[in-house]
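Undergrad: Residue numbers (this note's numbering): 1 to 138.
You may find that some hints are simply not true.
Claimed, not checked - Pairs of lysine-lysine, DSSO-like flavour, derived with a Cα cap of 30 Å: (1) 125 x 75; (2) 78 x 24; (3) 78 x 28; (4) 100 x 18; (5) 125 x 18; (6) 35 x 22; (7) 13 x 100; (8) 75 x 109; (9) 13 x 71; (10) 78 x 100; (11) 13 x 78; (12) 75 x 24; (13) 13 x 75; (14) 35 x 75; (15) 125 x 71; (16) 109 x 22; (17) 18 x 75; (18) 109 x 78; (19) 22 x 75; (20) 18 x 78; (21) 28 x 109; (22) 71 x 18; (23) 100 x 24; (24) 75 x 28.
These are computed hints drawn from the structure, not numbers from a lab.
Note that the structure is a prediction, hence the values are computed from the model and not measured.
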Amino acid sequence: MTDVRVDVVSVQKADGEKTEFKYKVSGKYSFSEDKITLRYIEPEETGLGRVSTHLHLGGGCVTVRRFGDIKCEMKMEKGGPSEFRYRTPVGEMDMSAGLKFLGSSLSEKGGRLCLRYEMYLAGEKVSENELNITICEI
């Protein structure tokens with residue numbers, strides 16, 4: 001894996017309010033024809049606690065894994081929500097996520113990734129999310 005700088009813009013719309021986080025962190029990145037992997041540590045200002053995020057892209061599927069104070073494995077494909085278990089320090093809940101858009105211009109040296117997805121709890125939409133990531137070799 002290659003050392004990279006990761007620029008993240010994360011936008012969440014829930015209950016009529018919009019929350020946006022912008023941050024730059026270091027991470028690890030690998031690129032091949034059939035699989036792309038990005039790993040980075042979320043900064044504390046995101047409110048997630050100590051969390052490592054791993055993104056995997058391949059075969060039209062995006063998997064977001066979080067380890068640490070928050071634990072989850074979201075596998076998203078276009079076409080419908082997929083279920084996952086979301087674990088926090090105060091409890092667990094069953095949720096689902098539906099991928100609305102996946103755009104990327106990635107190469108061995110990095111590039112850009114955009115995800116738009118919706119989160120559901122008990123079948124009800126709780127948020128619309130957009131994740132824009134720029135990856136640059138260090």
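Undergrad: Look at each hint and say if it fits the structure.
TA: Now the hints, each set against the structure:
For the hint pairing residue 125 with residue 75, the CA-to-CA distance comes to about 17 Å; that is within 30 Å, so the pair holds. Restraint check: the Cα-Cα separation between residue 78 and residue 24 comes to about 28 Å, which is no more than 30 Å; the hinted pair holds. Restraint check for residue 78 and residue 28: the C-alpha separation of about 26 Å stays at or below 30 Å, so the hint holds. Taking the CA atoms of residue 100 and residue 18, the gap is near 18 Å; set against the 30 Å cutoff, the hint holds.
Between residue 125 and residue 18 the CA atoms are separated by roughly 15 Å; this keeps the pair inside 30 Å, and the hint holds. Under the criterion of a C-alpha separation no larger than 30 Å, the hint pairing residue 35 with residue 22 is consistent with the structure, at around 26 Å. Note on residue 13 and residue 100: the hinted pairing holds, with a Cα-Cα distance of about 14 Å set against a maximum of 30 Å. For the hint linking residue 75 to residue 109, the alpha-carbon distance of about 25 Å falls within 30 Å, and the restraint holds.
For the proposed pair residue 13 and residue 71, the alpha carbon gap of about 22 Å is at most 30 Å, so the pair holds. A hinted pair counts as satisfied when its Cα atoms are at most 30 Å apart, and residue 78 with residue 100 qualifies at roughly 6 Å. Taking the CA atoms of residue 13 and residue 78, the gap is near 20 Å; set against the 30 Å cutoff, the hint holds. With a C-alpha separation of about 24 Å, the suggested pairing of residue 75 with residue 24 holds against the 30 Å cut-off.
With a CA separation close to 21 Å, the supplied pair residue 13 and residue 75 stays within the 30 Å bound. Straight-line distance between C-alpha atoms of residue 35 and residue 75 comes to about 14 Å, which keeps the hinted pair within the 30 Å bound. For the hint pairing residue 125 with residue 71, the CA-to-CA distance comes to about 20 Å; that is within 30 Å, so the pair holds. The suggested pairing of residue 109 with residue 22 holds, with an alpha-carbon distance near 22 Å, which does not exceed 30 Å.
Restraint check: the Cα-Cα separation between residue 18 and residue 75 comes to about 24 Å, which is no more than 30 Å; the hinted pair holds. Pair hint residue 109 plus residue 78 holds up; C-alpha atoms about 27 Å apart against a cutoff of 30 Å. Proposed proximity of residue 22 and residue 75 is supported: the alpha carbons are some 24 Å apart, at most 30 Å. Our distance criterion of 30 Å between C-alpha atoms is met by residue 18 and residue 78, whose separation comes to about 24 Å.
About 12 Å separates the Cα atoms of residue 28 and residue 109, which keeps this hinted pair within 30 Å; it holds. A distance of roughly 24 Å separates the Cα atoms of residue 71 and residue 18; the hinted pair therefore holds under the 30 Å criterion. Restraint check: the Cα-Cα separation between residue 100 and residue 24 comes to about 25 Å, which is no more than 30 Å; the hinted pair holds. Taking the CA atoms of residue 75 and residue 28, the gap is near 20 Å; set against the 30 Å cutoff, the hint holds.
Of the numbered hints stated above, none is contradicted by the structure.
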